[in-house]
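Chains S and P, in that order, are what the protein sequence lines are. Here the working numbering is used: position 65 in the first sequence is 65, and no number is missing along the way. Here the working numbering is used: position 29 in the second sequence is 29, and no number is missing along the way.
It should be emphasised that the hints constitute simulated quantities derived from the structure, not laboratory data. Do not rely on the hints blindly, as some may be mistaken.
Derived lysine to aspartate or glutamate pairs resembling DMTMM-like cross-links, with alpha carbons at most 25 Å apart [to be verified]:
#1 S:Lys88 to P:Glu344
#2 S:Lys363 to S:Asp281
#3 S:Lys280 to S:Asp333
#4 S:Lys132 to S:Asp92
#5 P:Lys200 to P:Asp167
#6 P:Lys27 to S:Glu350
#7 S:Lys125 to P:Asp92
#8 S:Lys329 to P:Asp92
#9 S:Lys27 to P:Glu344
#10 S:Lys88 to P:Asp92
#11 S:Lys280 to S:Glu256
What follows is each chain in one-letter form.
Number of protein chains: 2
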Amino acid sequence: MFNIFSLKGGISNVQGFCCDGVNVGMKSSQDEDVGFIRSEALCDISVRFTTNRFQASPIIHFKKYPKDFKTNFLLINSKNANAMTGEKGVEDIEEIFNRLSNYISVENPIMSSTGVIGYRLDIEKITSSFEKFDFNAKNSDRLARAIMTTDSFKKELSFRVELDSGDSFNIAGVCKGAGMINPAMATMLCFVTTDAKIPKSDMEEFLSEATEKSFNRISVDGDTSTNDTVMLLSNGLSNSYNREAFREALNRMLFEFAMMILKDGEGANKLIAFEVKGAKDSLEAERVSRALSNSLLVKTALFGEDPNWGRIASTIGATGVECSEESLKIYYDNLLIYSDTQRELDRDREERAYKIMKRDSFKIICDLGVGSGEFTSYGCDLSYEYVKINAEYRT
Amino acid sequence: MFNIFSLKGGISNVQGFCCDGVNVGMKSSQDEDVGFIRSEALCDISVRFTTNRFQASPIIHFKKYPKDFKTNFLLINSKNANAMTGEKGVEDIEEIFNRLSNYISVENPIMSSTGVIGYRLDIEKITSSFEKFDFNAKNSDRLARAIMTTDSFKKELSFRVELDSGDSFNIAGVCKGAGMINPAMATMLCFVTTDAKIPKSDMEEFLSEATEKSFNRISVDGDTSTNDTVMLLSNGLSNSYNREAFREALNRMLFEFAMMILKDGEGANKLIAFEVKGAKDSLEAERVSRALSNSLLVKTALFGEDPNWGRIASTIGATGVECSEESLKIYYDNLLIYSDTQRELDRDREERAYKIMKRDSFKIICDLGVGSGEFTSYGCDLSYEYVKINAEYRT
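Next up, chain S with everything else stripped away, as it sits in the complex (with noise of 0.2 Å):
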């Protein structure tokens, strides 16, 4: 057995990983635009990219790297996704990373980027961050405000897992995001470090399953960036490990990120979680469940906070998938909202259907009423500040 505790800060509480972050002026404030993150000793590293076509210059600088490959050095900035920009765009990172080797010696360093697309990086800038950096720092919320672009707030969390044999390890992570996913600007990056003695292949299984139950299951705005990273570095200097407890703290916290990038979704108030049931088939359940999470409609009457279950049917119609008026009932959270005897919302249900909808957080539940396919997947709202954020970026 095993209990997780969830720390203060973040990957500063991993042992041997160093964190910082600066201004070099990319942005206009005097907030911190560049950072890193460095092990003293050599990490094994997992990796989710975007599954977009147009893969940004340092996910191509990455693949590079043989098979396999350690690292000990992460540089991370904001603004500039560095995408689109075409061989040049490697080679601006490695001449980056030959500036870097006049200040400290790294071994693999890899890069990751967020903001606009379709510009060169300027070098100047950004290795200007060699001299403001300090390289032993362990200032993981100067790193986690470096990779904010629209976040209104910095996301980061750190775990403590202590194993029932007396022994630890740490898990701790930064992350940013506020549009799932947002091209030109929002990009979503998460980074997980751990000092647990976890096997290559238990990162690779775990980092897959838990991406796949947290970002993969959010929408914003259903776009797909050039420059998504979840990634996973593990040092083993903790020299202890537990399968099981390894995986449920990974879980918890790429499921706590995913809903803080959610919750900070731009221009955007409630948090729904769209719980598909009764379907045919798993696929099924998932396909009206990311429609409803992307659907226009739907996130306008969720802001407007309008009972009308007329656009979730709908929805749930226009995906195609096996589901009939008869069979179909429609909840938020425990409150019938449709079923075939009970079509029209009365005052009494419209009522009580109206507080649920001023709630911050709520479950729309769909019970197709054909089969037990289920999925779950989660989304916002969309207000006019969505409209003002991504009308006025980059202007």
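Dock chain P against chain S, hints included.
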């Protein structure tokens, strides 16, 4: 050869067709909310209904008639979609037509509805229209107003086709829609009438083709309503017909209606053609074109008049079609905005791009550079007003 002339007015111009619209108190204003189309002679019918799994009661009622039935009467109401109302919804239509028989003798009457989902029709209000209608009127203007919901202008068109032989026929229609397609209210409805002596098989062929090239190529919000209907009624009273002339007139009419819907897109200010070429095949071209016209990020960038091509490129990449950073070219009208050798926007091109984006209407041309597949779809920007209309609807 033939000539197609555009006439003022609408369905009233077609031989043998009467129409009218009245207010029965469903719209809070004094605006018309129920209308009819009546033909002196029985009409052949060709129709395309929504692919939504939950088809509204008027559609279920229509499908109860035998194949190839003819009609001379169509009743249309706004404010209530009569959708998700079950068997009762169909019985309500039957009761309405029972009462109609006290006023006028009709054959195989059909109904069409648009508005909120999930409420039964108010039979008393609907049938009170029968007292108010002039069944011999030619009031296409009032009919066009009666079917409006969030539309900000009425949509009717009338063409007169003159053949070299001296013969002529008319084709005229009425349409509504301001979201494409907005399940809870802004369903797309289109009714076209003609006095051409057109064979039923041509009606089917041409209505499919014209719908495919028009309504199936526009997107306001990517939703598919429970009530969408495109219908062609022909009474043959002109006794004249020409295959190519009719085909061209119908294609032109449905395309003009589709552009009217986009221009009236809820809160939209711009009409954009997303012209994709150079794709591996036409299916991949279609996938890209539709992804662009549905992307929230592209739509908000259009509203913000931001010439950032990064969102367009990223949306193309997210579709996973065959394309590379090197092969891709993006144009705004004739202005090359991205190519392998011209990535960052210089000030001159950026200013020219701004000017194009300030127009009410322009093309975004994406040449994927890998084949000869082509597809064009049409979309609009996403403004604060869209959120407002859809958040506040019903209340």
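Status of each hint after checking the structure:
no.	hint	in the structure
1	S:Lys88 to P:Glu344	12 Å, holds
2	S:Lys363 to S:Asp281	21 Å, holds
3	S:Lys280 to S:Asp333	22 Å, holds
4	S:Lys132 to S:Asp92	20 Å, holds
5	P:Lys200 to P:Asp167	20 Å, holds
6	P:Lys27 to S:Glu350	22 Å, holds
7	S:Lys125 to P:Asp92	71 Å, violated
8	S:Lys329 to P:Asp92	23 Å, holds
9	S:Lys27 to P:Glu344	19 Å, holds
10	S:Lys88 to P:Asp92	68 Å, violated
11	S:Lys280 to S:Glu256	30 Å, violated
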